[in-house]
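K.L.:
Given chain D's structure and the hints, the job is docking chain P onto it.
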Amino acid sequence: MSLLEVEDLAIHFGGVKAVDGVSFKVAPGEVFSIIGPNGAGKSTIFNLISRIYKPTRGTIRFDGADITGLQAHQVAPLGIARTFQNIELFDHSTVLDNLLMGRHTHRDTNFVQDMLFLPAVRRAERAHRRRVEEVMEFLELEAYREKMIAGLPYGVRKVVEIGRALAVGPKLILLDEPASGLSVEESQDVAFWIEDMRRDMGLTVLMVEHDMRLVAQVSDRVLAVANGKPLAQGTPSQVQADAGVQAAYLGTEVAQ
Amino acid sequence: MKVIFKTSYDRDIDLHKDGWSRARIAALVAVLAALPFLVGEYYLAEATNTLIWALAGMGLMLLVGHSGQVSLGHAAFLAIGAYTDAALMNAGLPFLVTFPAAALAAGLFGALVAIPAVRMSGIYLAIATLALFVIVEEMVIILEPITGGVGGIMAPAIEIAGINFDRYANLDHFYWLCLTVVVLVTWGYANLLRSPTGRSFLAVRDSEVSARALGINVTRTRALAFGLSCAMTGLAGALMGHYIAFFNYELFSVFISINLLLVVTIGGLGFIQGAFFGAILITAVPQLIAILRGVARDSFGLDIGGMPGLDTMLFAMILVGFIIYEPTGLYGRWLKTKVWFELFPLARRDMFRRQKSYLKTERQK
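Top to bottom, those sequences are chains D and P. Just so you know, we're using the numbering used here here: the first sequence kicks off at 1 and counts up by one. Just so you know, we're using the numbering used here here: the second sequence kicks off at 1 and counts up by one.
Just chain P, same shape as in the assembly:
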């Protein structure tokens, strides 16, 4: 096991604990940046989709994982982002204006909604956000002149400084655009977590009463977390709109909200990395099912293509499995595996048992 000898506060403050960890992230970004040269069109499109899901997942992770609030209506903020971006672009504004505007619209709307909503918690907040989702969905249909109503809306091709980022004509460009956004947002998110703002989120999540006693304005902190979360989701929504190119309200169904919750819970609540693990899983499972279908048809003569709801069932089974056997999610599993190798052969089987005994419900008020 590697022990780091810290000689200055900067070693504490830095994002990476050592050069090795910094090099690993740099290598990962480099591989991702080189991806258009390494894989074909089909897989590049899938990778783009995964990045967009990871971005939306980070948005929800900030809310659920780091500030302890739950939202069943995050598809609404995806929709707000997508429609703001597409509508403003259709009005002739450039992407560099409409993209931040999408984040701003979703973020402001989120923060506005949050002010009454954050006084609720747990199941009540979940219901309130679900209701909010329904309202936004109806608004999209009613505001037909802007949103195209039931018919849908076209997200025009992106052009920045004469370079075309169209999802079909220049998929590699669009992929790089998504990657840049994801890298920047991840960096900002990681910065947030090592700063007073991020700490106040964690404080509100873990103990409201002592957060107050330390001078943290709980309502404002929660509203800020809500707003930032929605802004990130809004960015993802704008990209998703361009990725789909032509969409209507059905793209942002309640299942998207639930899938987003799956991303954060299966990925690992409370870790940025969890959003990425979860996004990979959620975008890979449909592909796996497609491959399975092929195998089943070709080798066994079984046609499971006609079985509706197979992926929903698989997702549900995966979720139940994780909740029972690995509540810390994929990232938690990854950390445990790492510790096991670091301590090899001294790791004990019950090493992580303790976590279970400190559930919030067991505490006295």
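Just chain D, with the same shape it has in the complex:
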């Protein structure tokens, strides 16, 4: 049984076929990476899965259910969380509040209760904080707990975004270039965290990444795409050895 099944996914913006006929299956507990040159459609695939874009054709199934027709905000409650390539944090809130916003799908109080701050709200707040604190401990964010996002360095923001996605408590986490712009040490941290997410939290990870070292280190399987079309799928070494993939990256003609 696959956790995520993408079948013949396609989206066309006018004449541009950003994604065209991509299919893959991600098994539970797997780390699956999508690689490809710039503009290959990797992030578009993410945006299709998190329902920001409507696909032109194809289906996306998560946990056995078709999610192709859902709206963007209906995806997170199913257990899909994501990060963004260009960091989409809530800049004018603290790290703690950003992570707490990740707990939105677990809220069970309404705005009237919130306004009166009934005991139930306080209990829920404590429970959310406990969960968020675990995430902060995991990602070593304790030092930044009360800091505003607007004043944090880039590397930390990147980690806070992973933290916010983890706070959702997902089954599947989509990481959009988690290591871009990070130093070697920081991306090594990301590699360890991905390992831990899979091993200790039982998460399934779907990742878009350019850093081939990271991809090779953590991925079980890799899908290479170029110009919206799938090139190759398999273990990292298989995909790296694929002639079509090499051509897409290096621009050499494939020998006939």
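These are calculated hints, taken from the structure and not from any lab test. Don't be surprised by glycine CBs; every beta carbon is placed ideally from N, CA and C. Honestly, I wouldn't trust all of these hints.
DSS-like mimics (lysine-lysine), calculated; alpha carbons at most 30 Å apart, straight line [stated by the list, open to error]:
1) Lys54/D with Lys17/D
2) Lys338/P with Lys6/P
3) Lys229/D with Lys17/D
4) Lys25/D with Lys54/D
5) Lys147/D with Lys171/D
6) Lys147/D with Lys6/P
7) Lys338/P with Lys17/P
8) Lys338/P with Lys147/D
9) Lys171/D with Lys54/D
10) Lys147/D with Lys17/P
11) Lys25/D with Lys171/D
12) Lys147/D with Lys336/P
What follows is a list of derived Cβ distance ranges for each label pair [stated by the list, open to error]:
13) Glu146/D with Ala30/P: 29 to 35 Å
14) Leu78/D with Pro100/P: 37 to 43 Å
15) Arg11/P with Gly251/D: 26 to 32 Å
One side of the interface only, derived from the structure: several residues of chain D facing chain P at Cβ under 7 Å [claimed, not checked]:
16) Ala72
17) Arg82
18) Ile87
19) Arg107
20) Asp108
21) Ala143
P.N.:
Showing chain P alone in chain D's frame:
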């Protein structure tokens, strides 16, 4: 600088960070409650007016400061609150029924309007709310049997449990009534901000796309913010009606909407305290001008009483000044001054420079 050592999550959740901050708020409320014994009738009336403006300002602050939507038509919701309250009271209902009804009417109307309106943003939403204001203004004139049309309507004296709260006969009672409402609304507002609802407002304000990815229904959240904002403004409108006692549609002109926007921007967007700072400024400036007029006449023999639009000009100058030199408003200035004293003598001049470099327009989508 004081560092708080937190030992439980409750320290995080509590409204006040320590007993000192709690004591300060208690002292402030106590002084405000004792105000009728401390100042004369004239200043008490001004204080009442300031409280009502602060209430309306909080309504708009929730919308503009915390959910990132703009409204140029908030005077419409003041009007809905005022007319609902006055009309129902004239029909014989007690204030304890009509007052919540005013909030409900304004809030429901706001939420209803919000459902199509919140799909717009920025300048389009501003125009739509302005149009809404014009519609409400016309409706007030058309619905003459209820609203008194152009002639106006009388807000009857308030009576709760045999106690009279008339604005003229018992100004101190009316002041206490306004203070109670403002304290309760402020408390509810502060609670909202520390709860999931408030966080979802901030999320929608700062990044719609990630709010969606976290499972927040953006349309519904915005409509809720709109409704709550209008409900608060409706309460302020009802009180304003009683404060003026006899009013017609002209009380709720478009300038009131603009003044409300001034309250929130000059006060400091995104802070409850900002609504109060802004309300104090907006009600104090006309008084200052009146005093200035007196001084100019008596000491210099200048008659500036005949200059129309002087306060409008002053407001405009103050607004421009704030936008250029202190975009975070009076409350932002207050916070910076506090930090300066806390760090003294280590504060650096460029300490707050960074805020400028993270403008929304500079981000890539």
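K.L.:
Now tell me, hint by hint, if it's right for this structure.
P.N.:
Results for each hint:
no.	hint	in the structure
1	Lys54/D with Lys17/D	holds (13 Å)
2	Lys338/P with Lys6/P	holds (22 Å)
3	Lys229/D with Lys17/D	holds (9 Å)
4	Lys25/D with Lys54/D	holds (20 Å)
5	Lys147/D with Lys171/D	holds (28 Å)
6	Lys147/D with Lys6/P	holds (15 Å)
7	Lys338/P with Lys17/P	holds (16 Å)
8	Lys338/P with Lys147/D	holds (18 Å)
9	Lys171/D with Lys54/D	holds (23 Å)
10	Lys147/D with Lys17/P	holds (16 Å)
11	Lys25/D with Lys171/D	holds (15 Å)
12	Lys147/D with Lys336/P	holds (16 Å)
13	Glu146/D with Ala30/P: 29 to 35 Å	holds (30 Å)
14	Leu78/D with Pro100/P: 37 to 43 Å	holds (39 Å)
15	Arg11/P with Gly251/D: 26 to 32 Å	violated (59 Å)
16	Ala72	holds (4 Å)
17	Arg82	holds (5 Å)
18	Ile87	violated (9 Å)
19	Arg107	holds (4 Å)
20	Asp108	violated (9 Å)
21	Ala143	violated (14 Å)
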